[in-house]
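Line by line, the protein sequences are chains A and B. Numbering-wise, this note's numbering puts 346 at position 346 of the first sequence, and it's gapless, one number per residue. Numbering-wise, this note's numbering puts 9 at position 9 of the second sequence, and it's gapless, one number per residue.
In case anyone wonders, no lab produced these hints; they're calculated from the structure. Be aware that one or more of the hints could be misleading.
Note that identical chains are pooled: a pair holds if it fits in a single copy or bridges any two copies.
[What the hints assert, rightly or not] Computed list of lysine-lysine pairs in DSSO-like fashion (alpha-carbon distance at most 27 angstroms, straight line):
id: 1; residue 1: 175; residue 2: 64
id: 2; residue 1: 236; residue 2: 64
id: 3; residue 1: 365; residue 2: 64
id: 4; residue 1: 49; residue 2: 64
id: 5; residue 1: 49; residue 2: 365
Protein chains: 2
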Amino acid sequence: MFLKTAPIGYTSIDYYSGRYSVGQNNSPIGFLFEPRNVAVVGASRTPGKIGNVILSNLKKLGYKGSIYPVNPGMQEVLDMPVYPSVDAIPGDVELAVIALPAHLVLDVVRDCARKRVGGLVIISSGFSDVGGEGVWRQQELLEIARSAGMRVIGPNTTGLLNPYAPFTTTFDTIKGEVRAGSIAFISQTGMFAGLMLQHIITAERFGLSKVAGLGNKADVADHEVLDYLEHDEATKAIMLYVEGVKDGRKFLEAARRVSRTKPIAVLKVGSTEAGARAALSHTGSITGDDRVFDAVCRQAGMVRAGNFNELVDFAKMFAYQPVSQGSRIAIVTISMGAGALAADMCYQGGLEIPELNPATIRRIKENSPGWAVVRNPVDTEPIAEKMGQPEGYRIALEAVLADGNVDMCLVVIGTMLTDEHDISFMERLKKEHPEKPLAVYVIGDDNIYRRHFQVLEGYGIPVFSALDRAINGLLALHRYRRLNADRK
Amino acid sequence: MFLKTAPIGYTSIDYYSGRYSVGQNNSPIGFLFEPRNVAVVGASRTPGKIGNVILSNLKKLGYKGSIYPVNPGMQEVLDMPVYPSVDAIPGDVELAVIALPAHLVLDVVRDCARKRVGGLVIISSGFSDVGGEGVWRQQELLEIARSAGMRVIGPNTTGLLNPYAPFTTTFDTIKGEVRAGSIAFISQTGMFAGLMLQHIITAERFGLSKVAGLGNKADVADHEVLDYLEHDEATKAIMLYVEGVKDGRKFLEAARRVSRTKPIAVLKVGSTEAGARAALSHTGSITGDDRVFDAVCRQAGMVRAGNFNELVDFAKMFAYQPVSQGSRIAIVTISMGAGALAADMCYQGGLEIPELNPATIRRIKENSPGWAVVRNPVDTEPIAEKMGQPEGYRIALEAVLADGNVDMCLVVIGTMLTDEHDISFMERLKKEHPEKPLAVYVIGDDNIYRRHFQVLEGYGIPVFSALDRAINGLLALHRYRRLNADRK
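Chain A extracted, bound-state conformation:
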């Protein structure tokens, strides 16, 4: 409870030291992302069960606060003492995670209210998501929580992850290392959030700042999380997956304000009746008219994604790159087939493929055989014929990045460049041109792609395994810039 009465604007940095320094973030839900202690109601000794996984995730992540497993039927779990009820926990409880069948939840919520718990993450499904009596159950839950001043995440969710605290309520076993980074992920659905989180952790290299699975959004909804993230220093950009929006006006206001400084990409289900029906039976969400939502995105300056990969491509670009200064792209490529395809896709997405400056062309021609025709897209093959393979890329890339006609650059690297050393020049180029976004598509051998991915993303250069995804990333920057150009 104390956090809700703590001086406005504590920062996470000082949080565990106990000093409430005055920081920027005075969000009323901030404490949920970094609770000083957590009760897990429905603790289980069975590996794989939700009430067991949540506990082992907390330990694996290295959560530094107190963990209070609650279950009347056992004494000890994972070397921790188990409490028979929330009441039995000594001292204040800041956050309770409830992982019980739906019909047992309300009694525990009443216990929590008596105990003056600060907030609840309700994992259980069986509320508005199932309709009928579930709707009434959710209503009652909300009334109890509100009258006790408890904030609620869920029900029907995986809840929260904060790699900085570190803290999580995720019930899907965390296997990889959760890298702390700059991308926040707000997701309506627990399973989707949990599994997509696993995907990002294991398949991507960029780190996350906060994850919030909101489930049925009985209490805390997107707009409040956006408000919180606006002042979260760790968060640079936000991925949003929604089925239905709870309070359209508040959502639009928050998104419009937050996206000014922190780019937001949004994936929304229910753009067809088929998807809308499925969403309704899932989180009880009314997805609404898709054209209305499209208009909301435009007004709020949010980039709309068509599928989950587009969300990830957006996140990856914003994790590493600045917003571009303009829409003129240079393409540097080992394969002119890929170059021509890229030109088509960039142009269709609204980018310009400008003529290069005479100085740029001269610089490349000096290092090419006489027959070479130099234009944008730039073919690295002729340069490589004269200067060798890595040199072909270096010369072309140096030239186009120095070109005043170029705002951003796509590089298509072939896996005949097998060695880490072959691509190390890109670290310097990225530093020399921090204002010009760069995306790399590695074409060819999948194993070499994986190595280059690690090396280049280590330099802060986003790497993609498919041409369309690299272009998605660059287009995300462009779309954000265009949507927000007149708002700055």
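Chain A is already provided as a structure; the job is to place chain B on it using the hints.
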């Protein structure tokens, strides 16, 4: 030369035995895919150089014919004797691969004409691809070849790969195992063909039947390769990447005829002016009006792909699955978020998401908790709550595949199924319903995805790492069926 005068319709099976049995394939270019011997002009001892890689690829692949390296400046390469010229090779030469700078090519082509070589694969660029004198050089090359009766692949290409012979002229180092399979790949551009081939070999599990990189298409163009593939027993479906079509009428005729029995997907560059310009400077191709090409695709019953991944998704589906009997799809999913997104995408692609039969719903309900709502998409989570995790999938999938309202099925598997044993029931289901195409999207941990990918594709079930790609695959079947429904 002998092959061109061999009895019409030899088959590859009897080829190496020397018996020309009368088979189905009487294509005049068939011998290029399985030459009895091959000269490599421009042989090199430097690892990584094209003239070295071609030779080592042939050895690595286990080519059984005679290899004649040609270079006047050396005696031996990779333990093979080197000939100073094509003339100096004893006996007939069936195919010569020419990997020399452009200005040296014509003299060698004249040598080959004198030697009465059967066919040429010309790797070298610097012909119509560079314009100017290159155009005349290509014209002269063609005249020499035609008057000597030599067929030409290229110039400006990686040429051919036939994993069955096995034979290749590819100059990109082949690293993985080249699996012989049922998908043919015709690509205009050498670099693209070569690198994409590497990608398919290393990232995918389905096998290839033939690869043809056609480059500038001075002589052999797409329509002749399509004619050849029509009667190639190994080929079940065809991926096509084109920049420009050489003879539109012949191309349309061949594609229209071949696609009746062998589905064709086509990716064409130059749908915008930006891409068209790039293609022109690349293979000297006039890409033409994109709307005209779109009409050609429809008339020819070809599925048009928007990017390379869509070609691969098409290939993967046709490698494993039959054309669907109808357009009604069932979605079985661990995540209703993914289910709702899938419903949107399927519907937008023209599929129906039908109501399930009462018997199907009853069967699933019997194995679910009382509160469960059963409809399409089918949520496996409630079933798993009652019956355990792999059982949830098995029960749902068995029920929907037996449903007469369902023509195809998308399965979304979460990586909480960690074990090979968890998914082994799918092998039986695939056998019991061979007529109902199945695609699997594995959501979550990337490492578990990789294992499931190997296991399930081993059962002949295509597996995708992204939802949109799984749906691309299913839509490819649907689009092929719809385009060709009235032509059978």
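Going down the list of hints, with the structure as the test:
| no. | hint | verdict |
| --- | --- | --- |
| 1 | 175 <-> 64 | within (19 angstroms within a copy, 47 angstroms between copies) |
| 2 | 236 <-> 64 | within (25 angstroms within a copy, 59 angstroms between copies) |
| 3 | 365 <-> 64 | neither (60 angstroms within a copy, 44 angstroms between copies) |
| 4 | 49 <-> 64 | within (23 angstroms within a copy, 57 angstroms between copies) |
| 5 | 49 <-> 365 | between (64 angstroms within a copy, 23 angstroms between copies) |
Checked against the numbered hints listed earlier, the structure breaks hint 3 alone; every other hint is satisfied.
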